[in-house]
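Use these hints to put chain B onto chain A, whose structure you have.
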Amino acid sequence: MRLGDPVDDFPLLRADGSSVTLSAFAGKPLLLIFLRHLA
Amino acid sequence: MRDQYEEIQRLGGEVLVISFAQPELLVLYEREQSLPFPVVADPTLTAYQAFGLERTTWREMLRGGVLWRYTQLMLRGWSPKRMNKGEDVLQLGGDFVLDAHRRLVYVYRSAEPTDRPAVAELLKAIATLAREEAI
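Keeping their order, the protein sequence lines are chains A and B.
In terms of the numbering used here, the first sequence has 2 at position 2, counting the first letter as 1, and numbering is strictly consecutive.
In terms of the numbering used here, the second sequence has 37 at position 37, counting the first letter as 1, and numbering is strictly consecutive.
There could be a bad hint or two in this list.
Below, a sample of chain B positions facing chain A; criterion: calculated Cβ distance under 10 Å [claimed, not checked]: (1) Ile8; (2) Gly12; (3) Gly13; (4) Val39; (5) Leu62; (6) Gln72; (7) Glu87; (8) Gln91; (9) His101.
Okay, the calculated bits of chain B under chain A, using three or more residues with CB under 8 Å as the criterion [said to hold, decoys possible]: (10) 16 to 27; (11) 44 to 52; (12) 103 to 113.
No wet-lab data here; the hints were simulated from the structure.
Note that the Cβ used here is the ideal one computed from N, Cα and C, for glycine as well.
With the rest of the complex left out, here is chain B:
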């Protein structure tokens, strides 16, 4: 997403990353990743739950398809890292786009841990919104 951030800003959008880790871990994360957009914490999972982001199960995690996708990621150079204290390996993430009035215009809830929307799909949602708001 870092690579597409300029494009999102050009469209008039902003990015906010939310983690359920404790805020003190965000300091290390921000330092490591040098992200150009803000990262905030939701350690009580209030927003996660409100957006309908659920926990998966170990059974789902160990399904062949998920393991295969992790293998593919590793073949592309990704390496698994140890979870930080307090993190929950079963918690799923998601991506949402809000309009300028905080209305939900795009929803993507990950069905399993490796499931994320295509970046092009996210850019399209923001571009569509930017066009509509310009009218």
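This is chain A alone, in the form it adopts within the complex:
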């Protein structure tokens, strides 16, 4: 994935286990922080 590429609408899970996709957070500049761990 390179700069300028559109990002797929990845499936994710909320803390309650329900499904959500990345597009639910789209519509404005979005900073994605991928964690290494929950410490």
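Only chain B this time, still in chain A's reference frame:
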């Protein structure tokens, strides 16, 4: 990032934290951290892999530079915590900025476990994007 969240919102941005932990662990994390932004799980690592976030190696983890940076973090008050079940100590993280149309405009893949972008750099990417989208 919690401290800069207001600034990100002022610029019209949003923050989404992604973990590969199981969702039930996110409940505890959200409660502990009281984060103002959403945290979601990618336990299958689908998004991690698509964004090119790789696993490091024990050899890399034990390199002098990495150990030194962990020592510096500990001297600044950080203390290592036990990994949760299912977490992978070798998985690397990263930071990305997407525009309103889900296009990738900023990429930072951590080269090793302590490697993260400067918060100022992230704010700059969001501010630049906000300016461009306002035109």
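Going down the list of hints, with the structure as the test:
1. A hinted interface residue such as Ile8(B) counts as satisfied when its beta carbon comes closer than 10 Å to some beta carbon of chain A; here the least separation is about 6 Å, so the hint holds.
2. A cut of 10 Å between beta carbons decides the hint on Gly12(B): the least distance to chain A is about 6 Å, and the hint holds.
3. Contact between Gly13(B) and chain A, as hinted, is supported at the beta carbon level, the nearest pair being about 4 Å apart and thus within 10 Å.
4. Because the closest C-beta pair between Val39(B) and chain A is about 7 Å apart, less than 10 Å, the hint holds.
5. Below 10 Å, beta-carbon pairs count as interface contacts, and Leu62(B) has none with chain A, the closest being about 16 Å; its hint is therefore violated.
6. At a threshold of 10 Å, the smallest CB-CB gap from Gln72(B) to chain A is about 17 Å, leaving the interface hint violated.
7. At about 5 Å, the closest approach between the beta carbon of Glu87(B) and any beta carbon in chain A falls short of 10 Å, and the interface hint on this residue holds.
8. Interface hint status for Gln91(B): upheld, as the beta-carbon distance to the closest one in chain A is roughly 6 Å, under 10 Å.
9. Interface restraint check: His101(B) against chain A, minimum CB-CB distance 7 Å, threshold 10 Å, status holds.
10. Check on the region 16 to 27 of chain B: 11 of its residues sit with their Cβ under 8 Å from a Cβ of chain A, so the three-residue criterion for coverage holds.
11. Coverage of a stretch by a chain is defined here by at least three residues with a beta carbon nearer than 8 Å to that chain's beta carbons; for the region 44 to 52 of chain B and chain A the count is 6, and the condition holds.
12. With a cut-off of 8 Å between beta carbons, the region 103 to 113 of chain B has 7 residues touching chain A; three or more are needed, and the interface restraint holds.
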